[in-house]
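K.L.:
What follows is the residue order along each chain.
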Amino acid sequence: MDLLAIIRIATRTLARNKMRSVLTMMGIIIGVAAVIAMLGVGQGARQTMQEQIQAMGSNLLFVGAGTVTRSGMHMGWGSTKTLIYDDMLAIMRECPAAQSVAPGSSSSGQVVFGNDNWATRLNGTEPQYFDIRSWPFQEGSSFTQNDVEMSANVAVIGETVRKNLFGTTDPVGQTLRINNLPFRVTGVLTPKGTSAAMGDDQDDIILIPLTTLQKKITGQPWLRWIMVSAVSRQASYAAQQQIAGLLRDRHRIRTGDDDDFFVRNLADMADVADQAGQVMTLLLASIASVSLIVGGIGIMNIMLVSVTERTREIGLRMAVGATEGDVQQQFLIEAVVLSLMGGTAGILFGLSASYVITKTLSWPVLVSPVVILIAVVFSMAVGVFFGFYPARKAAQLDPIEALRYE
Amino acid sequence: MVTTSQTETTNTGMKGAQPVILVQEVHKYYELGETRVHALRGVSIEIARGEFVAIMGASGGGKSTFMNILGCLDKPSAGRYLLEGIEVSSLSIKELATIRNHKLGFVFQGFNLLSRTTALENVELPTLYARISKAEGEKRSREALALVGLADRISHFPSQLSGGQQQRVAIARALVNRPSILLADEPTGNLDSRTSVEIMDIFQKLNDDGLTVVLVTHEPDIAQYAKRGIQFRDGKIRRDERTENQPRASEVIKHLPSLED
Ligand SMILES: Nc1ncnc2c1ncn2[C@@H]1O[C@H](COP(=O)(O)OP(=O)(O)OP(=O)(O)O)[C@@H](O)[C@H]1O
Ligand SMILES: [Mg+2]
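These protein sequence lines map, in sequence, to chains A and B. Quick note on the working numbering: the first sequence kicks off at 1 and runs consecutively. Quick note on the working numbering: the second sequence kicks off at 1 and runs consecutively.
Looking at chain B on its own, in the form it has when it is part of the complex:
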C-alpha cells in the first residue's frame, strides 16, 4: 500500500508529480428497468496533491455520482480511476474499505450522522476501524472536533445540534483519520453564508497544511475560495479553470456582520 503523510505534499499543480486523482473517460449508467440513466458521460480529470478543487453544476449534473466514485464508494461503469497511481477497479472490497478508512475523508451530501450517538462517538467511528488504540482514537476525535470549533459540543446528540454544527461534526469525522484527500459533497448546503464561510476557512487552512480538497457546491460564492473550479453539466465537464486571487475566508469573516446583529 502506498502511504502518504501530509508533510511530504507539494504545491498546487506541480508538474511532473504523480496526480493523486487520475480519472480517464469515466462513465456511469444507472439501469432503471427499461430506461438507462447516463449520469456520467466520459469524465476525465487530473488532480494533483495539495489542490483545492470546487465542483459546480446544475442539480442532476452527476456531481454526487462522480464524488462517490472518487470516494471509492461506487464503481464507474466504464473508464479508469487511479488513486495515487493505484487502479481502483483492481482492488478487493477489503482494500477499498482500508482506503476509505485511511486515505479518504468523505463529507456526505446530507450529514449522515448516527442519530442516537453523540458528536464524539460519531467522529470516533472511522477510528474504530483504523488500527489505533481506543485512547488514541478518542484523542484524535477530540482534536478534530476542536478543529471545527465544536470542542464544547462533544456529548451532544445530532438532534441537539444545529444544521451547521452537524455539518461540522461530519467534517470532523472525515478528518479524524488524517486522510490525504478530503471529499466534501455540498458541505455548505443549507447553511447561512457566515457559517459557510467559516467552513471554507477550515478547508482553506487544511489545504494550507497540504490536504487535497475536492468539494461540490452550488454557490459560486463558495467556489471562489477554491484554487480550481470545475463545471459539470449533463455528466460532462464543461469548464475547468484555475481561480485567480481567491479570497481568504478568514479575512472575509472579519467583514461579515456577526450573527448577533
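Pulled out of the complex, with its shape left as it was, chain A reads as follows:
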C-alpha cells in the first residue's frame, strides 16, 4: 500500500472526528508554539544584547568601586570610598593599554520641567564619556570640560527623559530642575533602547558634570566607576591586567586580600550575558517542551481509544489481506499526521507569538529555519513515539477475534 494512500486514509479518518482530532492536537500545538516563541524571543534577546554590547565598543572596560566587607558584613556595590579621581589619572598615566578614561558617579534624581516630573538615573561624568561609549547626540552637544571645572548646572538627557518631560518642545537650551536645582539642557542622546542584558531602559538617564554631581547633589568626593577604552580589542585583556595591578598597588591591597574594586572587560561581559541568555532560552524552551510530551500522551490516549473503537475495521482489513505491517503503518501514520498537523499549527502560532512579543520590545524577530525544522522533526518524532504502542496493539490483533468484537 503506498504512502500517499495511507496518508489520505489517515487524514480522512481524522477529519471524521474533527473536534476530537483538534483537541488531541492542542497539546502539540501549545507545546510547539511555546517552544518556538521561547526560542524566537530568546534568540532575539541575545541578538539585541550582542548588538548593544558591540555598540558599547568591544574594547570598553568598566572599573567599578567594589564591595567592602566590614566586620563580616557585605556592603552593596560602590560602597567603598577608595576609588578616586587620582586613580583615573593614574590609569591614564601608567597603563599603556588604556586609551582614554572617563570617571563617573551615580545617583538618582527627581526631574521637573514645567508641570511634568520624572524620576531617573543621574550620572556625573566628563565629556569624553560619550566618545568612549560611542554614544552620539541627536540634538545639541555634550557639556564641556570647562563646565566640569566650573561645576556648571548643565545636563545631557536621554531619549526617554526627553519624551516624558519635553514632548514636542525642543529641550536644548531649556532649563529643567533636578532635585530642585536648575539645569540647562545642552544635548539629547540618540536612543539606545532597552538593554537586553539587564532589561533596563538605557535612555532613561541624565548626565551632568561629575563635579556638579559630587558637590551639589551627592556630596561624596569619591567615584563609583571609571570607563576605560583600550587601544584595541586585543589590548582590552592587557588593559584589564594593568588596571587591576595598578589599583591593587594604589589601594595597598596585600596579596591574598580581596580587591575593593572590579574590572570588567566588555568582551567578557558579552560572553557572560550570552551564556546567561542561552541558558535562559534553553530553560524556557525545555519547560515549554514538557507540554509537547503531554501532547504526545494525549495522542497516545486517543489512538488507543481509536484502536479499540475500530477493532472490527482492523479485523476486516486483516481479513481482506492487510498484513500486520499495513495495519501498524496505518495507525502510526495517523498518529504522525495528527502530531504533524498540530506541529504545523503550533509553528504558525509560535511565529505569531514571538513576532508580537519581539515587536512590543522592539527586538528583531529571530526564528531561524533550523528551529522550525527542529519543531517539525520533533512533532513528527512525538507522533512516532507515542503512536507506536497503539499501532503495535492494533497490528497484533487477531483477525477473527477482531471481527467478532462488539
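Hints were generated in silico from the structure; no laboratory data involved. This one's a predicted model, so the numbers in the text were calculated from it and none came from an experiment. Here a beta-carbon is modelled for each residue, glycine too, at the ideal position from N, C-alpha and C. Keep in mind that the hints are not guaranteed to be accurate.
What the hints assert, rightly or not - Simulated restraints on C-beta separations: (1) GLU46/B with GLY325/A: 33 to 39 angstroms; (2) LEU348/A with THR35/B: 55 to 61 angstroms; (3) HIS218/B with THR308/A: 31 to 37 angstroms; (4) LEU4/A with GLU46/B: 41 to 47 angstroms; (5) VAL22/A with THR35/B: 25 to 31 angstroms.
The hints should help you fit chain B with the ligands onto chain A, whose structure is shown.
P.N.:
Same frame as chain A, now just chain B with the ligands:
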C-alpha cells in the same frame, strides 16, 4: 507461492487433479473458562478446483467455524488443512495475509462493510493491500460492482443501501482481487427469495468461469443451485453428495414474479 488463474481451471471433481482444499480430521475447540466448546469434531473434506459446494446444517453446527478455517482467518485446534497443496499451519502471519488477499474471497455472515465508506471504497479495500496501482484497483472495483449489478450505487454509503445491495457490495469486495476460491457464509441470509436467486445466479456464472465456490446456507432452495451439498451437524459432516440436475438461477428468475407485482 503457487499462482493460479481462472483460465487454467478444470471441471468438477476431476480425478487425479490436486484438490484446492484438502481438510483432514480438523477439530476446533473453544475454551470458555471451565467449559470447552467442541465446535468441529473431526471434519475431513476434499474440494477440487471449479467445484460449487453448499454447506448446510442447523445453527451452531460449526459451519462458520469451518468457513473461518477455510478462509485462513482461524486455525484448527487439531488436524490438517492444505490449500492448493500448501500446509496452512506452516505459513507465517504475513503469508496468511497474502493468501487471504490474493487467493481467497470471503463473504462474511453479516456483511461487515465499513459504515462511513462508500460502496466503491468498500470494494476497493482488498486492492489497497494487493500490489496493484490505485487506478487499476479502482477499475477492478467498478467492474466488480457492475458484475453484481450495482454500477449505479458506487458512491452510496452502506446505510443508504438495502440489505441485498449491501450483501452484493460484500460479494463484489470478495471478488475484486480475482480470487480462485470464493467462500461465502450465508450470503443470502435475510434476503427475499428473488434477491437470493439473483445472488445464486452471480455465483453460478462465476463458477462457470472456473471459480471454486463454497457457500453456507440454511435454505435447501438455495443449496440446490450448488453442484455438491454437505450437511454439518454437531461439528461433523453427516452427508456429502452431488446434486443432480441443479437448476439454472438465471432461468428460475424469469419465472419468479417480479418485485413490482
Ligand atoms: N468465539 C467463540 N467462542 C466460543 N464458542 C464459539 C465461538 N464461535 C463459535 N462458538 C461455538 O461453536 C459452535 C459453532 O458455531 P458456528 O458459528 O460455527 O455455528 P454455525 O453453524 O455457523 O451457526 P449459524 O448457522 O447460526 O451461523 C457454537 O456452539 C458456538 O457457540
Ligand atoms: Mg454461522
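K.L.:
Each hint: holds or not?
P.N.:
Status of the hints after comparison with the structure:
1. A hinted range of 33 to 39 angstroms for the beta carbons of GLU46/B and GLY325/A is consistent with their spacing of about 34 angstroms.
2. Remark: the range hint 55 to 61 angstroms for LEU348/A to THR35/B is upheld by a beta-carbon distance near 60 angstroms.
3. Restraint check, HIS218/B to THR308/A: a C-beta distance of roughly 33 angstroms satisfies the suggested window 31 to 37 angstroms.
4. Checked against the hint of 41 to 47 angstroms, the C-beta distance between LEU4/A and GLU46/B comes to roughly 44 angstroms, which is consistent with it.
5. Evaluation of the 25 to 31 angstroms hint for VAL22/A and THR35/B yields a failure: the beta carbon distance comes to about 48 angstroms.
Comparing the model with each earlier hint shows a violation of hint 5 alone; every other hint is respected.
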